[in-house]
Amino acid sequence: MMAFAVPEIILCAASLTVLVLDSLFQGRGRLSLWTALFAVSAALAVFILNQAPLPFFLAHANLARDPLGQVIQVFILLAGLGVLILLADYFRDDPAASSRVSALILFSLLGMFVLASAGDFLVLYLGLELMTFPIYLAVASHAARKGRLSYEASVKYFVMGGIASAFFLYGVSLVFAAGGTLKLYGPWAQGPGVLTALSVTGLTLMAATVFFKLSAVPLHFWAPDAYEGAPTPVTAFMATAVKGAAFIFLFKTLGALAGGIPAQWTGLIALISLISMTWGNWLAIRQTHLNRLMAYSSIAHVGYMLIGVTGLNAGGSGGWSGPVESLLFYLASYMAMTLGAFSVLSAFRIETLDDVRGLSKRSPVAAALLALFLLSLTGIPPTAGFLAKFYIFLDAVKEGRVGLAIAGALNSALAAFYYLKVIRAAYLEEEEGDARRVPIPRGPAAVMIACAALVIFLGLCR
Amino acid sequence: MRAFALGASLFVLLLSAVLALAFEPAAPGFQFLVRAPWSSSYGITYSVGVDGLSLGLVVLTALLTPLSLLVSYRSIQDRVRGFLIAFLILETGLIGVFIALDLFLFYIFWELVLVPMYFIIGVWGHENRIYATTKFVLYTLFGSLLMLVGILGIAAAHAKETGVITFELARLYQTGLTPSWQGWIFLCLFFGFAIKIPLFPFHTWLPDAHVQAPAAGSVMLAGVLLKMGVYGFLRVALPILSQASLAAVPLLLGLGLIGVVYGAFVALAQDDMKRLVAYSSVAHLGFSVIGIFSLNLEGVSGGVLQMLNHGISTGALFLLLGILYERGHSYRISDYGGVAMRMPRFAAFFGIFAFSSMGLPGLNNFVGEFLSIFGLFKVNRAASVFALLGVVLAAWYMLKLYQRVFLGAPGVLTGRLRDLSGREIALLTPLVILVFWLGIYPETALGPIRPGAERLIDAVQGRFVMEGVL
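So the protein lines, in turn, are chains A and B. The opening position of the first sequence corresponds to residue 1 in the working numbering, with each subsequent residue numbered one higher. The opening position of the second sequence corresponds to residue 1 in the working numbering, with each subsequent residue numbered one higher.
Incorrect hints may have been included.
[To be verified] Take a look, some chain B residues computed to stay more than 12 Å from chain A by CB distance:
(1) 13
(2) 18
(3) 20
(4) 21
(5) 41
(6) 201
(7) 246
(8) 385
(9) 409
(10) 441
(11) 457
[Unchecked claim] Computed footprint of chain A on chain B; a stretch qualifies when at least three of its residues, placed anywhere within it, have a C-beta under 8 Å from a C-beta of chain A:
(12) 46-56
(13) 104-116
(14) 121-132
Calculated from the structure, these hints are not laboratory results. C-beta atoms are modelled at their ideal positions from N, C-alpha and C, and glycine is treated no differently.
Chain B with its partners taken away, still in its complex shape (with noise of 0.2 Å):
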């Protein structure tokens, strides 16, 4: 039955390799097109694709999802089928989202994740799981309720003016809304979206979540998830609502901003580990979020960038840790101590992961940050200098963590510790492999980025242009 589940993912990974090697970055539009209708009187179709912003979402879901299921083999012994259902339901609800051309179809993937995800914490996950997955569900689909009005909202506005209703992104794209209709469906779009970054101050669902999750569930949280809010200011709100977007930017370089340096800085404080690396997602995808929002090509290929790497870095350290969890049963730092003694491939590991996330040159996540700072310092300096701080913060918190697990005298559960076992290492090889790979030679990734984020922001400030100066 495992062996069933992880055959199903490696396929579909084998399929988005195919994707990702016979993806032409330079073509214009959509690849890989499929389109079906499906409710002509409603305007929608079963319309899926990808483009140069989607692709590597993909690619990252359908990599960690067997590496999840890798790491689970010894943790999850109750109820594995349910599990097995419940993950792949999940993986088939993230690729969906990242696909739909259809703002429908968007829709429903989008809940699609919450039912899986509910399960996975709330059977599979430690001792305030209840409490936690509650507060998720009940939190995303509050945003998600209310991205559903807004999705409405972009129907009805499009069908007032043209005439007909139809959610395909790719004709919602060609005509764009009016500004006054504009400013209530951001705001709904906004909270849906927001919520699930999470930026501040939407966040507080998120510790919880990630703490009281079991290791598999984590990965995905982090590593894919929390990408879906982000994807969808890119892929709906963005390119369909320019002006309130663009009125809205301070707003969001702002609250991303905070979230860099406030998520950095409750880190500092976690002796949770997991909680001190949920923390840090928060400041990672801050930092996407100003790419994004700085609207120009180094800024907006940098912030879908880091989404890639903050994936591939933080499902890391969430594997390693729940490989951790697995020999020590407890994820407190004040608990362990010295542990690269004792497991010293694991400390390396961690430690290339740790680099990784703190952005050292080289290492992956450091391109990300690098290019959405650069793209926010085209917009304003003062707050790039301000995003800076957000890095040296995330070195300072992640060597203090590896510092005082890793290093120094033994703590008390050291002792009973063991290092990487063979299948351990498989699953963390590949993600090893990448964080070189995307440090040292990012074209890999940037390659299909670019053109598609040249696209968005010609969507942007071209019909900003073209309908007048607010």
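For reference, chain A alone in the conformation it holds in the complex (with noise of 0.2 Å):
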């Protein structure tokens, strides 16, 4: 039964070995590197290799295996793999810093893995809360640079995440009243016609949490400045695995209590995709701090994805049916193209438009790949974004969702607005002094390529 929890563990020994070697080797990040390298990537190995037929159940323990959420820790452990390079590099200057981020980013993800195991709803709070602390503290970890901004980003954060979890438990809590358990697979799975009052109020609560958590839109206000407060490697994390987690956080909360997304609910869904995108693009036309407008841009792709979330419906393989397949090919390609255009900003310090200006000259295989990656955002073929939004649309059209299809793609103009500018900065303005070659840096280059791989190899596909 241990076996279950083998990448768990060996996350958890690994975030608590790079702390001892943090305090133990001052300034030596390189070897806490490699340490949480290797461990992700033995978690990652033991957990896709554990894939034998596990039961939907494990009863005598409050853990279920989830595989709809099973695909999308893959995915957040690649994500998390690639921002630990970027972090080294990034705090090349400051090796115990390094360390200090990357044993948070390791408790995050066991905080990830934690909720993704979620048999009760207790265990994923719990995850929850492991999932973020870790966050609130990385955000601040860019002080010695930005000063109070970070801590100014990180305590918006916490605050506001910490009334999120406040709802999530008061919900919990009304769940509990009405149901008598706290299971997550239990009397709900039946169906949604045991949902009383007391249960819908619950839900209410929790589904305000989950879409925090999504930064959709109305509950999206902390995601902007945490993400500029916040180190570039960090704020790559929280655009990618922590999205991803939230994904599986809305699947296991709203699918295990009501058997699916409860059909009242499609409308209310269908509208907070509509605003989420088009506020998400509309308000990042004006950014130039480029971490920022990639939080918008992060809103806005939320939007778009809730296209697909609305046509979900219980039963079939995984506990769900409907739009899974491009659900889980839009998070893919979403994490590769914003990892991507993360570890572009994060290799040459970019955090204004100003930086990005005349990036075609300094590094040209940079800056295509940016544009590629930006390209890939607005939706351009023959990329994967271009496809992720093809299958979405293609599915609202063919329920009937015509009006949703026809937003999703009036939003993708708009959001050419905003990733125009940055390709037209790297491109088409010249910065003033002159424009030496600068080299990309290994890690960052190892990061940039392997996500342009697969933005340009999952754009070809099925």
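Join the two chains, each given in its own frame, into one complex according to the hints.
Structure follows, in structure tokens:
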């Protein structure tokens, strides 16, 4: 039975090891990095290999395997690998900070695993908190460079996150009162008929937390500040892995409770999707700070993904039917292109649009890859981003939600405004002073190339 | 490097010539088919082929690309490799659009064209290029994303009716779509194509894009890119969404007519030569739209022929303007005058293409315009008179342009001009030959076009008859 939890054990041991290494060998960032990378890779390998048919329930532990969540867990680990590499490069002048933040990332990954394996609400909550607390700290770890802005971002995130978690707990208590059990896949799995006023209220509160974590409008206010104040690799982590975990959270909460997305909720989710897309894209246009711009971009992409979520129903393999594959494909390609874009930003310490100016002269390869990632985010063929939107829109049109598909298409055009702004700065605008060629640091280069390969490959497959 | 790119584009031209020679006009359906399954779960295949409607466009693209590369030998000196890469990707996308027989593939190539064009205008263009290229990309992206939803709608509607999801045009042609779906789908496609043509009032991106683009970019933009919009109507909207298209005929004829006259009037007022030719493109493609949407054999073949002719003559005009800019570094008419005295050969070439653009009988544009207006005449006589006004206006602004630039007293910049070099004469000659050839013996082009036009009209009218009267 313990074999079930080997990846979690590896992650936990690794984060503790990195912390110990950090205090013992001050300034030996490399050792921590390799330990962390090894651990995550090992966890990934064990996780994938451990796919021998597991029972959907492990009744004697409050854990459960969820096939949909498992796929996303693989994405999360891969994203975590990339982020750790970026961290080591970003903090190359401050190895102690690098080790510390790496340990925090590892703890957060552990939390995501606990979240994904949760079989009852308390374990779910535990995983949620374990995932986000290290992030609060990681956001603040940029104080050396950004000073108060970093602390402010962290405190804002912490306070709002705390309120969200409190909502969740209260919702859980209401659901417990209504159903008498804390188990996720308990009496509710039979169907939505058992929903009463009490449980619906609880469900609503929990949904609020879910949408908060997803940074969907109107619960998105923490995201721009948190993304801006955090060091770029941590922002990358928030934009990729945490988003993936938030989707696992979404599936577990809504799905387990009501046996699928309740029919009455489809309209609400569609509305949230619509305003997330529009609000996110609209506000991104004015941004000059690239982390903030990417925050609004991620809000918009959550909106696109929620288009797919509106079509989900219970049943089928993995507990869900409907556009599951499209959603997973979108999540995978979104993580690949976002991580890729952030790797370029991190490698060149780019914070604002001014820093991007003239990138094509300084490093043609990096500029080309950045352009690739941004074009993929816009949804221009033949990239993965286009194919992902294609599948989501196709599923929406097939199920008759044409209005959402049209809204998604128009929003993609709107999004082109700001993505093009960055490409324009990189290629068409000149920077002052001479532009000498700057080599790309090796670590981020590897991440960039891996992400680019994924973006192109995913864009051609299926 | 330039030689390599030029060689590659000439090779493509050679292949397209072989294609044109081996093409059998009388054979029904698509020829030179390549079909490979790509994604069976979505019914997407890699299907390409040509028929009478697309053959001419493929040859046109293949012809204009090496000519554009030749004209930029002197003018593009910075980041040459990037320019060549962008240009060849552009050619790939353009030819891809015209040969794609699967809607997914069609969309991919359609969007693929945007990226290199963005860079071509944005990096190698003139002073206001960033504004122009951003406007160009965003405006056309807006239309093409709506077109994507329309395409998805076609696939979804087809799937709903037949239970089979497919993007292949051949299959979609066979089964029609229920009229209820056609309305909104046509609207989405309409925006995508109308913005590209550009149809009045969606034309506002064109003048800036043209003026700010480098010469080679303008040639491809005017010569080929604009045809994508008309082609989209021909290939996708008309055959599949017949009822909606028929219902929209008055709208499209109206907008085309307005474009013809409006474009001509605005061209009259221009001092910037490129802007003048840009607005004349709006007018000429208005003729194309008028011809096609009159939905009779003369009109459709005239409209398709007009696309080819416009590509030849306006492409040539932009080549000439690029050559002039290289010497005088200005596009303003008021800076020039009496150029014919300094550049007699240039004036001769320009004269040929100016008269061609006007629609002088004996030169290529006349045939296309005449057939288009004839097609309209069979539908609505008053409207065709209105269209003839456009022809008269075209003569007015073209002659005015010619007179002010080439004749009369020498202008400010005229002193430093030198006549055409051998390279420039070489690149203009093929177009001159085509202007006369298609003017005197248009059957070369009309031969393949006619069966394609007939099939299109059958598809539109036939389905209408089959599914009952509105």
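Status of the hints after comparison with the structure:
| no. | hint | in the structure |
| --- | --- | --- |
| 1 | 13 | holds (25 Å) |
| 2 | 18 | holds (28 Å) |
| 3 | 20 | holds (28 Å) |
| 4 | 21 | holds (32 Å) |
| 5 | 41 | violated (7 Å) |
| 6 | 201 | holds (18 Å) |
| 7 | 246 | holds (22 Å) |
| 8 | 385 | holds (39 Å) |
| 9 | 409 | holds (40 Å) |
| 10 | 441 | holds (40 Å) |
| 11 | 457 | holds (30 Å) |
| 12 | 46-56 | violated (count 0) |
| 13 | 104-116 | holds (count 7) |
| 14 | 121-132 | holds (count 4) |
Of the numbered hints stated above, those contradicted by the structure are hints 5, 12, listed in ascending order.
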